[in-house]
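A.B. asks: So the chains spell out like this:
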Amino acid sequence: MTDTGYNYAYLDEQTKRMIRRAILKAVAIPGYQVPFAGREMPLPYGWGTGGIQVTAAIIGQDDTLKVIDQGADDTTNAVSIRRFFARTAAVKTTEKTVEATVIQTRHRIPETALTENQIMVYQVPIPEPLRWMEPRETETRKMHALQEYGVMHVKLYEDIARFGHIATTYDYPVMVNDRYLMAPSPIPKFDNPKLNNSPALQLFGAGREKRIYAVPPYTPVKSLDFTDHPFEVQRWDDCCALCGATDSFLDEVITDDKGGRMYVCSDSDYCGDRRAAGHVGPQGVDADAYQRATAAE
Amino acid sequence: MYVAVKGGEKAIDTAHQLLAEQRRGDAAVPELTLEQIKNQMTLAVDRVMTEGSLYDRDLAALAIKQARGDLMEAIFLLRAYRTTLPRLATTEPLDTDTMRIIRRISATFKDLPGGQVLGPTFDYTHRLLDFALAAEGDTPVPVPADAAPLEACPRVTALLNAEGLIEPDTAADDADPGDITREPPLYPADRAVRLQTLARADEGWLLALGYSTQRGYAKSHPFAGEIRIGSVDVEIIPEELGFPVRIGSIEVAECEMINQFKGSKTTPPQFTRGYGLTFGHGERKAMSMALVDRALRARELGEDITAPAQDEEFVLSHGDTVESSGFTQHLKLPHYVDFQSELVAVRALRAEYEARRRAAQNGEQESRND
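Protein chains in written order, with our numbering: chain P, 2 to 298; chain A, 3 to 372.
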């Protein structure tokens, strides 16, 4: 118990057991969406309630939690969720990817490679990859059962016919373990290759839609494509203005109203590590000055 | 020099301080008490209890105060609290036949056993702003209690049922009625699950859907067979005793709609039922709920499913205000990464478009030069 008057990690133990059962089933059937009796959480639906419930069900006092939103630890909703667990689960929190045992995320996978000792928890708004083609749950469940995924290929083909290439840029559909079509949550397709054969256990929680699914460690995850139109990730002409990275996902920051902009790493921990190690981008400062500036926060 | 934006924690703390200040308003004005809300904002309390799925007037009043009068926010507060409560027992079904009635009307019969009782209602008030209320100190003259106790009020549908004109109440079988707070929604849903979902659904959503059936989108020719409001006892059967024990009473509004049905291959023409129930005086919602309940019975009654109000998955999965409000408002959260992905894609598409256009222009130029 903590000072909040609620059970450890907010949820009661019966609810945690129910969620753990759903997680076990999800791990046993990679990519399959397991219905679970999601609870109302004290944070709004659509703000990470699925991820929070999964984290609450698996977290313990030995864990170190990292929470990111858009790749950064300091975005308001990430701050809010991290505080929620610091308060209700008295858990150690970190901004360092390498220190974390549980990483809850919205919209990104860290740039730093994950390990077998880590669990990724994804916040999922719409778990059903077929939803935009077929809004009805009654239909999509049948389509998954029959592995009837033709509509998704048709959709991607229509992109190619209209635009010359596949125009889906995030929440890019993947095939898990050659069986289930899965929505990787709205991560950029840039992150899709990191899903494949990851040493970390990856859990996906959709609170409002009451679904949990999983990609167990070392599971093949393939982004859908065509032989003549292979899957590709985003690329930038620029590098990170602060750390000079050319291998990370870059956010665009508008710096004035005359078209001025700069690109910076979306993964704030990765960028900070690189700068601390002496990498300097075109608008960055050297490591000493960087440390002085961030220490002043 | 540019250092990435930081300071989320401080911003959140300051925002919450501002919120507390705005909630309190002018400190020279006396603070609103929970007793005042509970006693004078009764219909707001009723709605928050109904959609919050928790019968507790004090907590509902607290939620309304904390939410600055935003009822959806108050409903969310109550729901998030409710979900942490242990289940101690399951009550026996409410017996609304024995309701201590304060209002009971039927639109289908001019008079009937038990009579028509208007009770406290906005009906037949002229909606003229009462400026006298603006002056404080207004205490209405109490209505003297009726000397004669109310006669027994048999249900209108029971009276019709005696003649076989209305479908019988589907027998409450022993099957577990399901619990939408403990089981994930799966479709098709049975009626008990549908009614539970409707009972906590947003009033505006049900009102609009019910209204749509009246305007011809799944018309079911409804009559307000009976609306009754009053208090009913809540009973449980403790395992060790084996007989019902009254643990308290709650105030509810119940509506039974009577709807036309032309009959089918297996059923003779008869009236059918739509049912609505809310905590407190939620009459408007109870009526809307009854219309939507009836519309959702289309499959069971063999009617064509042509209108939104008959579409179970559509109606049930979009009615919860905690869900819809959360997901609509999540659009406020940062989407930098997705948006950046789209920016990269749209720029690439535009560059390709431009290249094609230029190539086409050059082609024209060359053919003219030939």
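Worth flagging that the hints you see were computed from the coordinates, not collected in a lab. Among these hints, one or two may not hold up.
Computed cross-link-like contacts, PhoX-like style, restricted to lysine-lysine with a CA-CA straight-line distance of at most 25 Å [to be verified]:
1) K12/A to K93/P
2) K12/A to K40/A
3) K97/P to K12/A
4) K223/P to K26/P
5) K156/P to K143/P
A.B. asks: Keeping to a limit of 25 Å between CA atoms, is the pair of K223/P and K26/P held or broken?
C.D. replies: holds (21 Å)
A.B. asks: Hey, K12/A versus K93/P, does the alpha-carbon distance stay inside 25 Å?
C.D. replies: Between K12/A and K93/P the Cα gap is close to 20 Å, so the pair holds against 25 Å.
A.B. asks: Mind checking the alpha carbons of K156/P and K143/P for me, to see if they're no more than 25 Å apart?
C.D. replies: holds (19 Å)
A.B. asks: Please work out if K97/P and K12/A have their alpha carbons no farther apart than 25 Å.
C.D. replies: holds (20 Å)
A.B. asks: Keeping to a limit of 25 Å between CA atoms, is the pair of K12/A and K40/A held or broken?
C.D. replies: Outside the cut-off at roughly 35 Å; violated.
In this structure, only the earlier hint numbered 2 is contradicted, and the remaining ones agree with it.
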